[in-house]
Amino acid sequence: MKIDIRGLTIKKAHSDLVGGKYSARDLAEAYLAEAEKRNPSLNAYLEIFDDVLLQADAADKKIKEGTATALTGIPLAIKDNILIKGRVASSASRILENYTASYDAHVIEKLKDAGVVFIGRTNMDEFAMGGSTENSAYGPTKNPHDESRVSGGSSGGSAVAVAADLALGALGSDTGGSIRQPASLCGIVGLKPTYGAVSRRGVMAMGSSLDQIGPFGKTVEDTEIIWNVIRGHDPKDSTSIDTDKRGYKNADNADRKFRIGVPEDFVSGEGIDADVLSNFRETLEKLKSAGHEIIPVSLPHAKYSLASYYIVMPAEASTNLARFDGVRYGLHISGESGIDDYKKTRAAGFGPEVRRRIMLGTYVLSAGYYDAYYGKATAVRALIRKDFDDAFGSVDAIATPTSPVPAFKIGEKADDPLSMYLADIFTVPVNLAGVPAISVPSGFTQQEGKKLPLGFQIIAPHFREDVLFTLGRAVDYNNEK
Amino acid sequence: MNEEDVRKLAALCRIDLTDEEADKLRSDMESILGYISEIKEVVALNGSAVGQADTHRNILREDEEPHVSGMYTEDILAAAPDQEDGYVKVKAIL
Numbered sequence: 018m019k020i021d022i023r024g025l026t027i028k029k030a031h032s033d034l035v036g037g038k039y040s041a042r043d044l045a046e047a048y049l050a051e052a053e054k055r056n057p058s059l060n061a062y063l064e065i066f067d068d069v070l071l072q073a074d075a076a077d078k079k080i081k082e083g084t085a086t087a088l089t090g091i092p093l094a095i096k097d098n099i100l101i102k103g104r105v106a107s108s109a110s111r112i113l114e115n116y117t118a119s120y121d122a123h124v125i126e127k128l129k130d131a132g133v134v135f136i137g138r139t140n141m142d143e144f145a146m147g148g149s150t151e152n153s154a155y156g157p158t159k160n161p162h163d164e165s166r167v168s169g170g171s172s173g174g175s176a177v178a179v180a181a182d183l184a185l186g187a188l189g190s191d192t193g194g195s196i197r198q199p200a201s202l203c204g205i206v207g208l209k210p211t212y213g214a215v216s217r218r219g220v221m222a223m224g225s226s227l228d229q230i231g232p233f234g235k236t237v238e239d240t241e242i243i244w245n246v247i248r249g250h251d252p253k254d255s256t257s258i259d260t261d262k263r264g265y266k267n268a269d270n271a272d273r274k275f276r277i278g279v280p281e282d283f284v285s286g287e288g289i290d291a292d293v294l295s296n297f298r299e300t301l302e303k304l305k306s307a308g309h310e311i312i313p314v315s316l317p318h319a320k321y322s323l324a325s326y327y328i329v330m331p332a333e334a335s336t337n338l339a340r341f342d343g344v345r346y347g348l349h350i351s352g353e354s355g356i357d358d359y360k361k362t363r364a365a366g367f368g369p370e371v372r373r374r375i376m377l378g379t380y381v382l383s384a385g386y387y388d389a390y391y392g393k394a395t396a397v398r399a400l401i402r403k404d405f406d407d408a409f410g411s412v413d414a415i416a417t418p419t420s421p422v423p424a425f426k427i428g429e430k431a432d433d434p435l436s437m438y439l440a441d442i443f444t445v446p447v448n449l450a451g452v453p454a455i456s457v458p459s460g461f462t463q464q465e466g467k468k469l470p471l472g473f474q475i476i477a478p479h480f481r482e483d484v485l486f487t488l489g490r491a492v493d494y495n496n497e498k
Numbered sequence: 503m504n505e506e507d508v509r510k511l512a513a514l515c516r517i518d519l520t521d522e523e524a525d526k527l528r529s530d531m532e533s534i535l536g537y538i539s540e541i542k543e544v545v546a547l548n549g550s551a552v553g554q555a556d557t558h559r560n561i562l563r564e565d566e567e568p569h570v571s572g573m574y575t576e577d578i579l580a581a582a583p584d585q586e587d588g589y590v591k592v593k594a595i596l
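Protein sequences, first through last, are from chains A and B.
Read in order, the letters of the first sequence are residues 18 to 498 in this note's numbering.
Read in order, the letters of the second sequence are residues 503 to 596 in this note's numbering.
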């Protein structure tokens with residue numbers, strides 16, 4: 018039968034599958050057909066798996082036995098830095114081109130138990146370093162709304178897979194905005210959970226104190242369904258937290274009215290696109306007329322977020338990426354000595370952005386500079402976290418645009434790393450504070466005859482993802498009302 | 503930052519650089535360091551003390567319930583570019 022995948026959500030597909038309207042195999046075939054048709058130009062998937070239909074058959078068996086859960090038979094796309102045992106995981110890097118994962122990430126164990134169908138692994142900025150997917154060793158992912166523009170990043174392939182109906186949902190990772198920003202640029206929903214709420218075991222580490230795995234969905238509801246499956250305590254991740262023990266409650270659809278804080282100075286600072294700002298104001302008005310209260314709040318140290326982030330993150334990344342040395346994994350280029358092997362392998366295997374961040378991280382950690390850079394950056398990080406704590410004393414949530422600009426042209430920022438970094442301004446403070454945030458589609462801007470999506474970011478206190486889902490439903494025009 | 507500094511840093515990072523790459527990295531590093539150096543000027547705006555970093559402690563599990571010896575060896579060795587007799591093989595160090 019012909020399945021209309023355009024209007025499909027995880028929630029609807031689940032009821033169709035359980036109701037016997039079509040099988041998981043039919044559903045997988047529909048997504049495979051779309052992926053085969055559109056992936057050559059979009060470059061969302063680095064690999065479409067060859068056993069998708071076998072996975073679907075296993076899901077159909079679960080459905081027949083009556084043991085199906087919300088994600089059984091649902092086709093998902095997985096970012097290329099999340100390990101699935103026996104499959105290649107390259108982080109879109111040459112250095113891991115042929116690396117096969119030797120174990121499942123915690124989130125993958127959970128999704129396998131749920132009977133998910135993995136369609137493929139998605140393109141990304143190499144080792145999740147970037148905001149456009151242009152830093153992939155395998156070419157950029159294109160924005161389905163305008164193929165001359167970037168998808169955002171670093172989880173650009175996952176965002177495009179969902180936005181272009183090449184999967185019903187996806188996983189990404191978010192260190193400084195890598196889920197929320199591509200979700201915003203592609204017109205879908207993306208969640209960065211509370212730090213520790215989802216296990217990091219099996220995601221390739223970039224900035225360990227900042228990284229979180231999170232879901233993409235077409236609607237807030239779909240995103241919440243995936244989140245509820247992947248969250249949970251993992252004894253094999255020392256920073257993992259049992260969200261239920263911390264009092265996490267599921268979002269309810271009760272007619273709750275929230276106090277929403279807007280950090281005015283921060284939001285209307287330099288470099289924000291006029292259409293982004295006016296869409297942000299319109300969305301606030303919409304929330305206000307729905308009965309929510311809009312209150313000005315102050316995040317006095319937020320303006321130092323980027324400086325703090327671009328010290329802490331490369332410091333952690335330079336340490337984490339020391340393991341890619343041509344001895345234990347992947348690429349090996351032989352030199353005159355052991356040390357020479359490392360230098361040649363890393364020169365051939367890492368792209369320019371990865372090298373820049375390793376150099377920067379090594380610099381800020383080196384003797385004589387450590388206190389001035391890394392020491393100061395971690396101290397400022399504590400101030401930023403306190404700013405959020407103080408603000409959440411008087412509001413339930415904080416709102417900002419997700420990205421200061423809509424999707425930009427491929428190549429536009431490629432030669433100027435600093436200008437790319439500055440586009441992370443609204444997403445980075447969230448990772449520094451470890452709080453959860455969601456990006457929800459809030460409208461469009463017309464540029465050069467193309468409609469480009471815009472996103473609205475909602476930030477909540479630690480473990481209050483329920484506030485994000487409830488408020489997100491009020492903003493998201495894709496949501497089933 | 504001059505080219506020699508960049509070379510020295512690259513050696514610490516264990517990355518070989520061509521002359522062209524060293525030159526590009528020097529100018530990139532200058533502009534990024536110029537930006538992040540604003541961190542040195544930060545004074546607390548809300549009365550908190552700057553200089554108080556987060557305190558993280560190591561979280562360790564009990565050293566118990568080991569897995570069966572050797573059960574992961576084959577999978578892990580399979581990822582290594584070169585191996586011999588159950589070991590990862592490297593060039594002579596001394």
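By construction, these hints were calculated from the structure, which means they are not laboratory data.
Keep in mind it's a predicted model, so treat the numbers as computed, not measured.
Among these hints, one or two may not hold up.
Unchecked claim - PhoX-like, lysine-lysine: derived pairs with alpha carbons at most 20 Å apart:
1) A/361 x B/593
2) A/127 x A/54
3) B/542 x A/361
4) A/320 x B/591
5) A/274 x A/303
6) A/81 x B/510
Said to hold, decoys possible - Chain B residues, not near chain A, derived (Cβ > 12 Å throughout):
7) 513
8) 543
9) 570
10) 571
Even for Gly, the Cβ is constructed at its ideal location relative to N, Cα and C.
These are the hints, each one checked on the structure:
| no. | hint | result |
| --- | --- | --- |
| 1 | A/361 x B/593 | holds (14 Å) |
| 2 | A/127 x A/54 | violated (30 Å) |
| 3 | B/542 x A/361 | violated (35 Å) |
| 4 | A/320 x B/591 | violated (49 Å) |
| 5 | A/274 x A/303 | holds (13 Å) |
| 6 | A/81 x B/510 | violated (63 Å) |
| 7 | 513 | violated (8 Å) |
| 8 | 543 | violated (9 Å) |
| 9 | 570 | holds (15 Å) |
| 10 | 571 | holds (17 Å) |
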